[in-house]
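**Q** Given only the sequences and the hints, what does the whole structure look like? Please build it.
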Amino acid sequence: MSTKTPTKVPTNVPNKSGPGADVGKRRLSSDGQTPKPTPKQVKMATNSSPNTPGKSGRSNISHADYETFVEKMTIIADAVDKLQKGQSTLQSIVESKLDKFKNEFVQGINEKFKAMKSDIDLELSIHKNKIDTLSQTIDSIMERLELVENGDRPIYESGERGVVHNPLEDPDFTIIATNVKFEPSEDILSVAKELVAHLDDSAQVVAAARLKNRKIDKPGLVKISFARVEQKIRVLRAKRKLGEISDYRSVFLRSSKSHTERLIELNARTILNEMPNGKDFRITANGRIVKKTDNEPNTRDESSS
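In terms of the UniProt record's numbering, the sequence shown has 77 at position 77, counting the first letter as 1, and numbering is strictly consecutive.
Don't read these hints as lab results, they were simulated from the structure. All values derive from a computational prediction rather than experimental measurement. You may find that some hints are simply not true.
[As the list claims (entries may be wrong)] In silico DSS-like cross-links for lysine-lysine, where the CA-CA straight-line distance does not exceed 27 Å:
#1 LYS291 to LYS218
#2 LYS114 to LYS215
#3 LYS257 to LYS239
#4 LYS241 to LYS292
#5 LYS85 to LYS102
#6 LYS241 to LYS218
#7 LYS114 to LYS181
#8 LYS112 to LYS85
#9 LYS97 to LYS82
#10 LYS117 to LYS85
#11 LYS215 to LYS181
#12 LYS239 to LYS212
#13 LYS193 to LYS128
#14 LYS114 to LYS193
#15 LYS181 to LYS112
#16 LYS193 to LYS212
#17 LYS257 to LYS279
#18 LYS114 to LYS100
#19 LYS215 to LYS102
#20 LYS97 to LYS112
#21 LYS181 to LYS257
**A** Here you go:
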């Protein structure tokens, strides 16, 4: 810090407190003019250049310092740009990996669900087969119970006691078999069961009877009754199998008919016999009158029972 040197007071200047203090305060120069005070030296800043004019209190930057500053700022800008690019690349990589993980996760879940569904379907199929087998077993047991009960007491029609129902008289449960070989000491029920067993071994024959033959050279018709209508339908649908068995190739099966249907068929047959060309026609099992073919056997023309 600079110190001010004390200014010498001229000896010839009168004291301010003494008389004549209000007389001129400055010394006159030799030419009679009052000298002006010397201006104070303004202290320049330490970082100012003597060759560069500038206001006091402001720092002046040289050209070399400016280039260094620009170079450093360029380096910083490049680093920030690289950092931003690296951040974008990292974000893309992370998003790609997340998408890949998501796809693999979803695919794995789908495969797991497919395998689980396959296992469930397999288990359900196994249980369904078991249930079907159990249901068939129960139906078989119920049919056997009905047979046992029917063997112990007569079957009553419409629940009215005293009216015995013959199963062979019910066309809904009965079929007719033609050309069944006759044996003098035959057990017709066993013969009927053996015949039906070739078509449906689960069908239960409850009654069978051989009717009186109408022609000497042909055996009588055989009526076979089943426990259920469904069994009768299954046997009739499989009747073509008899043509593959040597002992039953000439045996034909058809559904039984009611008394009214038999009368209608009998009357139609009588009318055909009286017609000039009646022999060229036949009556089918359904009651239709159709023209015979050249190679059609006559065994199907027998009257129903």
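**Q** Against the structure shown, which of the earlier numbered hints fail to hold, in ascending order?
**A** Per hint list: 2, 7, 8, 10, 13, 14, 15 and 19 violated.
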